[in-house]
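Given chain A, work out where chain B with the ligands should sit, using these hints.
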Amino acid sequence: MGSEELEFVANLDNAMETKDINVWFGERQVLANVNLEFQTNTVTALIGPSGCGKSTFIRTLNRMHELIPSAKLAGRVMLDDEDIYAAHVDPVDIRLKVGMVFQKPNPFPSMSIGDNVLAGLKLAKRKVEDADFILEDSLRKAGLWDEVKDRLKTSAGSLSGGQQQRLCIARSLVLKPQVLLMDEPCSALDPGSTRRIEETIKELRESVTIVIVTHNMQQALRVSDYTAFFLSEEGHPGHVVEYGLTNDIFHEPKDQRTDDYVHGRFG
Amino acid sequence: MSKALSDTPTQPWKTVDPEFRKQQLITHLGTPVLALLFTVISPMAGFTGFCVTWFGFHVFAAALLAKYGKKPKSYANAFIEVFVGVTIFVFVAFVSTVLWPVISNGMAGVSHLNLLFQDAGKVGADASLDKGGFGHAIVGSALMIGLASLISVPIGILAALYVTEVRGKLTPFVRFFVQAMSGVPSIVAGLFIYSALIISGILQYSGFAGSLALSILMLPTVARTAEEILRLIPDDLRTAALALGGTQWRTVRMVVLPAAKSGLITSAILGIARVAGETAPLLLTAFGNNVLNVNPFSDSMAALPSYVFNQMLLGGDNDMARAWFATFVLLIAITILFTSARIVADRMKRN
Ligand SMILES: Nc1ncnc2c1ncn2[C@@H]1O[C@H](COP(=O)(O)OP(=O)(O)O)[C@@H](O)[C@H]1O
Ligand SMILES: [Mg+2]
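Residue numbers (the numbering used here), protein chains in the order written: chain A, 483 to 749; chain B, 19 to 369.
The shape of chain A in the complex, shown without the other chains:
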């Protein structure tokens, strides 16, 4: 895929955009002036050493950040030309539009596999006619349908870690989010499950904008179109060192620090 082509598509449509995001926990600032644009139907990888604020950043994008009592924020996050932090916006609506998959698979243990997938509909009080279709569709998109179609009524706890994570992906797809946030979704999984999830990401790209945090450089190269490199230098809050097409970041980085990081020379 040529870079011009991508850039062209990109200029047509921004799914989400952050403007000067600054984040604090209590008095301590952990992110400074993050400006990123996420293009519709692309995958953006966020990379950087541990503790540089990737998880914190991703959680500002669906208003999960504010659930931490000491959390503070400045800046804007634009979704559909509207600031998701505007006073009249309900965080619940934002979380319906911006789904999230966590590092540790977290299916609901008291529910069956099928109920887990559809839990979002109930939590959001959405009535649907074709629940069976949605169930199958989401599980297929998450690449799990064939493995679980005969045991939808059994407990989700009986699935392997990789299956549980794909179940969590299916669960967030049910709500038809515009953006899907993934915070190191494969870091707790074996290579086989990781590959399945990467395939899933490539297929999902057709219908949803994906932002994924990863520590795995190869994974970023395999699945993402754009990459943002975060860094938090000693005593300073985390910030974006370089942002661009994944190919450029990995093969022609402009910043020496990016070059060092992607080639494993630190972090």
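In case anyone wonders, no lab produced these hints; they're calculated from the structure.
Don't take each hint at face value.
Using C-beta positions, here's what the derived DEER-type ranges look like [as the list claims (entries may be wrong)]:
#1 B:Ala160 with A:Gly643: 45 to 53 Å
#2 B:Pro172 with A:Gln585: 48 to 56 Å
#3 A:Gly508 with B:Val70: 54 to 62 Å
A virtual CB, placed ideally from N, CA and C, is assigned to each residue, including glycine.
Same frame as chain A, but now just chain B with the ligands:
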């Protein structure tokens, strides 16, 4: 070609050397016998004397066994095993001294099942066991405990939810209040309802007044155990539900409460067991009754513990027999409650 040593499945870690088993048996049975002999011929006397001598002998024997036995182990381990064993024996012995009279005296009533179903309306003091019974007290206890649960379980769980889920500004206050309530002596709970509602004429002596007094005692137990249970629910689940666009209330109702269900049932059962044997708060509120009353809102009502109390005041042989049997029934009911609480809690742990 190599041949498998054996292809029958076994659990080699569980097989015990028969020689060692024998040595163990000799120490376990020999030391108490020795101790018994010693208590007879020496100034060490009585149950305490026996326990102390037995403990001494057993430590010595265990040390020998640890050193020269078939399966050597460290002195520390041998000592701890003896210590645990003797402690369990002493504990069981103490509990049995309490339980045994209840069981042996209570058994006298088992052949008079009328005691379970009739009331004490036309039964004089020291009447034969074939007449009357305490059915009215069983019904009264069940009604009052049931009502008290209806009041205190929802309030207790709501208080726990406020502290663990809402974490509102009043959290320290709610905690403090629950803590303080759990220290209220049961007679004070009765006095409180008595002075606040009965003297002032709002309520008469009634089952309802009794269940209010019981609620005061149940509430802190339910609230505190429910809080512990809700804390066990991993935060991951709440986060997952919130990220799926759940409001806090829906998250609690659809994810947190179902995950905590069996634990919350346990907290309710523990609350019930806490008050099932209470007498004092009921004397001042439900008062007691000789006949069956099934309406908790009018007229006084009997309960098992207060029935026992009244029978013992009468003091005749047959009155005492009734009291023992009623105590026996209460004991069995509470045992069933605690056992079911355990079973439910175990099931929760397995899920
Ligand atoms: N709940 C919290 N309270 C206080 N500080 C936090 C909290 N979560 C994260 N931090 C701090 O914010 C910084 C960024 O953390 P995080 O976003 O988790 O980094 P990353 O995901 O890039 O490894 C770290 O220094 C971390 O200590
Ligand atoms: Mg992280």
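Each hint tested on the structure:
1. B:Ala160 with A:Gly643: 45 to 53 Å: Distance hint for B:Ala160, A:Gly643 holds at roughly 48 Å.
2. B:Pro172 with A:Gln585: 48 to 56 Å: This hint is violated: roughly 37 Å between Cβ atoms.
3. A:Gly508 with B:Val70: 54 to 62 Å: 59 Å Cβ-Cβ, so the 54 to 62 Å window holds.
In this structure, only the earlier hint numbered 2 is contradicted, and the remaining ones agree with it.
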